[in-house]
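The chain contents come next:
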Amino acid sequence: MSPPRTLFDKVWARHEISRDAGGTSLLWVDRHLVHEGSHHAFAKLAERGLKVAAPELTFAVVDHYAPTRERAHIKDPAIRRMVQTLEANAEKHGITCFGLRDPRQGIVHVIGPEQGLTLPGLLVNCGDSHTSTHGALGAIGFGIGATEVAHVLATQTLRQKKPKTMCITVDGALGPGVGAKDIALGWIARLGADGARGHAIEYAGNTIRGLSVEARLTLCNLSIEGGARCGMVAPDDVTLDYLVARPFAPRGALWDRAEQDWLSLASHPDAEFDREVSIDAADIAPTVTWGTSPDEAAPITDHVPDPATAPPEKAARIGAALDYMGLRPGQPLTSIAVDQVFIGSCTNARIEDLRAAAAVLAGRRAKVPGLVSAGSALVKQQAEAEGLDRIFTEAGLEWVAAGCSMCVGMNGDLVEPGKRCASTTNRNFRGRQGRGARTHLMSPAMAAAAAVTGYLTDVRPMLAERSVA
Amino acid sequence: MSGWSTHTGTAVVLPLENVDTDQIIPARFMSTPRSEGYGRFLLHDLAHDAEGAKLPGFALNRHPDASVLVTRRNFGGGSSREAAVYALVDSGIRAVIAPSFGDIFAANAVNNGLLPARVSAEAAEEMITSLGDATAPVRISLTELTITLGDRTLAFDLADTWREKLINGWDDIDLTLQERDANAAFRDAYRAATPWAWPAT
Numbered sequence: 001m002s003p004p005r006t007l008f009d010k011v012w013a014r015h016e017i018s019r020d021a022g023g024t025s026l027l028w029v030d031r032h033l034v035h036e037g038s039h040h041a042f043a044k045l046a047e048r049g050l051k052v053a054a055p056e057l058t059f060a061v062v063d064h065y066a067p068t069r070e071r072a073h074i075k076d077p078a079i080r081r082m083v084q085t086l087e088a089n090a091e092k093h094g095i096t097c098f099g100l101r102d103p104r105q106g107i108v109h110v111i112g113p114e115q116g117l118t119l120p121g122l123l124v125n126c127g128d129s130h131t132s133t134h135g136a137l138g139a140i141g142f143g144i145g146a147t148e149v150a151h152v153l154a155t156q157t158l159r160q161k162k163p164k165t166m167c168i169t170v171d172g173a174l175g176p177g178v179g180a181k182d183i184a185l186g187w188i189a190r191l192g193a194d195g196a197r198g199h200a201i202e203y204a205g206n207t208i209r210g211l212s213v214e215a216r217l218t219l220c221n222l223s224i225e226g227g228a229r230c231g232m233v234a235p236d237d238v239t240l241d242y243l244v245a246r247p248f249a250p251r252g253a254l255w256d257r258a259e260q261d262w263l264s265l266a267s268h269p270d271a272e273f274d275r276e277v278s279i280d281a282a283d284i285a286p287t288v289t290w291g292t293s294p295d296e297a298a299p300i301t302d303h304v305p306d307p308a309t310a311p312p313e314k315a316a317r318i319g320a321a322l323d324y325m326g327l328r329p330g331q332p333l334t335s336i337a338v339d340q341v342f343i344g345s346c347t348n349a350r351i352e353d354l355r356a357a358a359a360v361l362a363g364r365r366a367k368v369p370g371l372v373s374a375g376s377a378l379v380k381q382q383a384e385a386e387g388l389d390r391i392f393t394e395a396g397l398e399w400v401a402a403g404c405s406m407c408v409g410m411n412g413d414l415v416e417p418g419k420r421c422a423s424t425t426n427r428n429f430r431g432r433q434g435r436g437a438r439t440h441l442m443s444p445a446m447a448a449a450a451a452v453t454g455y456l457t458d459v460r461p462m463l464a465e466r467s468v469a
Numbered sequence: 470m471s472g473w474s475t476h477t478g479t480a481v482v483l484p485l486e487n488v489d490t491d492q493i494i495p496a497r498f499m500s501t502p503r504s505e506g507y508g509r510f511l512l513h514d515l516a517h518d519a520e521g522a523k524l525p526g527f528a529l530n531r532h533p534d535a536s537v538l539v540t541r542r543n544f545g546g547g548s549s550r551e552a553a554v555y556a557l558v559d560s561g562i563r564a565v566i567a568p569s570f571g572d573i574f575a576a577n578a579v580n581n582g583l584l585p586a587r588v589s590a591e592a593a594e595e596m597i598t599s600l601g602d603a604t605a606p607v608r609i610s611l612t613e614l615t616i617t618l619g620d621r622t623l624a625f626d627l628a629d630t631w632r633e634k635l636i637n638g639w640d641d642i643d644l645t646l647q648e649r650d651a652n653a654a655f656r657d658a659y660r661a662a663t664p665w666a667w668p669a670t
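Top to bottom, those sequences are chains W and F.
Residue numbers are given in the working numbering: position 194 of the first sequence equals residue 194, and the series is strictly consecutive.
With the second sequence counted from 1, adding 469 to any position gets you the working numbering.
Wrong hints could be hidden among the right ones.
Only pairs whose alpha carbons sit at most 16 Å apart, straight line, appear in this in silico EDC-like list of lysine to aspartate or glutamate [stated by the list, open to error]:
{"no.": "1", "chain 1": "W", "residue 1": "419", "chain 2": "W", "residue 2": "323"}
{"no.": "2", "chain 1": "W", "residue 1": "162", "chain 2": "W", "residue 2": "274"}
{"no.": "3", "chain 1": "W", "residue 1": "164", "chain 2": "W", "residue 2": "272"}
{"no.": "4", "chain 1": "W", "residue 1": "92", "chain 2": "W", "residue 2": "70"}
{"no.": "5", "chain 1": "W", "residue 1": "44", "chain 2": "F", "residue 2": "643"}
{"no.": "6", "chain 1": "W", "residue 1": "161", "chain 2": "F", "residue 2": "633"}
{"no.": "7", "chain 1": "W", "residue 1": "164", "chain 2": "W", "residue 2": "261"}
{"no.": "8", "chain 1": "W", "residue 1": "162", "chain 2": "W", "residue 2": "9"}
{"no.": "9", "chain 1": "W", "residue 1": "162", "chain 2": "F", "residue 2": "629"}
{"no.": "10", "chain 1": "W", "residue 1": "10", "chain 2": "W", "residue 2": "270"}
{"no.": "11", "chain 1": "W", "residue 1": "161", "chain 2": "W", "residue 2": "9"}
{"no.": "12", "chain 1": "W", "residue 1": "367", "chain 2": "W", "residue 2": "339"}
{"no.": "13", "chain 1": "W", "residue 1": "44", "chain 2": "F", "residue 2": "640"}
{"no.": "14", "chain 1": "W", "residue 1": "44", "chain 2": "F", "residue 2": "641"}
{"no.": "15", "chain 1": "W", "residue 1": "51", "chain 2": "F", "residue 2": "643"}
{"no.": "16", "chain 1": "W", "residue 1": "10", "chain 2": "W", "residue 2": "261"}
{"no.": "17", "chain 1": "W", "residue 1": "419", "chain 2": "W", "residue 2": "302"}
{"no.": "18", "chain 1": "W", "residue 1": "161", "chain 2": "W", "residue 2": "16"}
{"no.": "19", "chain 1": "W", "residue 1": "161", "chain 2": "F", "residue 2": "641"}
{"no.": "20", "chain 1": "W", "residue 1": "161", "chain 2": "F", "residue 2": "629"}
{"no.": "21", "chain 1": "W", "residue 1": "164", "chain 2": "W", "residue 2": "274"}
{"no.": "22", "chain 1": "W", "residue 1": "367", "chain 2": "W", "residue 2": "398"}
{"no.": "23", "chain 1": "W", "residue 1": "314", "chain 2": "F", "residue 2": "594"}
{"no.": "24", "chain 1": "W", "residue 1": "10", "chain 2": "W", "residue 2": "272"}
In short, the hints are calculated from the structure, not lab data.
Given only the sequences and the hints, what does the whole structure look like? Please build it.
Here is the structure:
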């Protein structure tokens, strides 16, 4: 009898076409999502005169270079060329493209789940590391490079060595103002930016069961920041309620069969993981990054570390990070003044994220400027129907169209050199938001709190004030 | 892509941890067609001042002929951008030696003939100390899985599949297209078993 299997093992097995002597599997890919950055891969295909093998399983979206303002005419010729190249490649190969004028346009990792393209049990690939997001629905989703994108385009398959498995179990009740972003930054700070390298993570435990699909998407999104290949949550009723009636999800009798199948994917209670980590939800506080790697994070009540008192092997790295970030050793995190905020990205720009930020900003004024970019055109529409856009603009923030925007700056939404940004994004790398930009990662509620005070701020008292009022 | 079994060149040190792919190539350069060359973008913002002048103290500016980079843990983490590998390869780098690599970066490297050679943290530190700011002749053998730096030879780790691929210069697309019929048969059986895995139309 075969040993009890994990969710990851089950989904991997059903996609394995063959495995070579070296242990590399050839996998069937269910959904291949492409964006403007896929130009290298399409060029490789053209060089060899190959066609896209399964255009019906390939979906294109304009996101990385998508202008967030004045879309009718893109002024920057390089950006215009990137967008046009994707649209031309999609047309040439018969691929559905969510272009700038499509009401379904948005960030690839927001629209996949939103459209029901991402489903439990699928293998989802995209030339973007945050493809780990899709695992929130019980799919295997991971990012690939341009050569691999070309391989998937040409064959609808991928060669891949099976990663090890890791289970992160979170149990207990999360405190008010604490959410998926804090769980993620917390475990990454504990295990390191390469702490889960070579592993597929499953998030389990009653805290995870209690998370909405959108919160699970945030958590799985950040798996790559801890070095994991992918992150997953077993499909449950929360997953099914989210997916039912999504445009590309199965319907009718097929849905009923799918439901049964998906609920059978959960890890067997006796399944063994290569690594297991437990987290008590009660230990998690709102968390922010202070350095230039996502693992350089701490609870907002804490201080910037001091290289002088740090372990010797860490001192140089901390010193270099503080130098880049313009911070004093030992200063309280709440004494760090910010120049601007950004609320957006595939990590935190879904409707629940915008509601959380708006709940803090309602009736308050931002002391610093900021940009709010919804994760998709549909999220933007929903937010406007709920009046969230007015809350943001009345607070003094700018409400703009959907795209990757200031998370990666490819569309020209940049943080100026030396400026400090409280950001709901996924990477505080040097230069990520623009050359010399200083990024502090945090949740949407925490970014909203930073906007209100102009400093990194513990959002909890602000939320408590609200519940008293 | 042509394969290789041994490389004889020059090693230089980049004594940093967590050199993510955003640092290896900042996003603003990525709309450039590959045919224009990516070498000038390598580690751009570490190698140049704000006005774009080369920083004379930066290792790769002092030693532009270097072909092997010795660095610290988690090299190439973060973004899946293969452009990071293009920047290294187009600068003449043939191997990066480090205690660990970002998973996607390592796969991208092998797909472009660049060796991600994994050594222990102690071995990397030893090389970093012995090289200092200077360079040294280095020889790498993929058949023996060894690095010879000066008078020292040590072993490195590399998955067998990746070793074969680097040596033979194999292209996965050609291999997979040969299995087209088997893959189509798999697809049909899989679709019959799980028809809901196809997008609703």
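Status of each hint after checking the structure:
1. 419/W - 323/W: holds (14 Å)
2. 162/W - 274/W: holds (12 Å)
3. 164/W - 272/W: holds (11 Å)
4. 92/W - 70/W: violated (27 Å)
5. 44/W - 643/F: holds (13 Å)
6. 161/W - 633/F: Holds: residue 161/W and residue 633/F sit about 14 Å apart, inside 16 Å.
7. 164/W - 261/W: Violated, because 24 Å separates the two Cα atoms, which is more than 16 Å.
8. 162/W - 9/W: holds (9 Å)
9. 162/W - 629/F: holds (14 Å)
10. 10/W - 270/W: Cα-Cα ~14 Å, so holds.
11. 161/W - 9/W: Roughly 13 Å between the alpha carbons, so the hint for residue 161/W and residue 9/W holds.
12. 367/W - 339/W: holds (9 Å)
13. 44/W - 640/F: holds (12 Å)
14. 44/W - 641/F: holds (13 Å)
15. 51/W - 643/F: Holds, at about 14 Å.
16. 10/W - 261/W: It holds: about 11 Å lies between the C-alpha atoms, which stays within 16 Å.
17. 419/W - 302/W: violated (22 Å)
18. 161/W - 16/W: holds (11 Å)
19. 161/W - 641/F: holds (14 Å)
20. 161/W - 629/F: holds (11 Å)
21. 164/W - 274/W: holds (6 Å)
22. 367/W - 398/W: holds (13 Å)
23. 314/W - 594/F: holds (14 Å)
24. 10/W - 272/W: Answer holds: residue 10/W to residue 272/W is near 13 Å, not above 16 Å.
The structure fails to meet hints 4, 7 and 17 from the earlier list, while all remaining hints are met.
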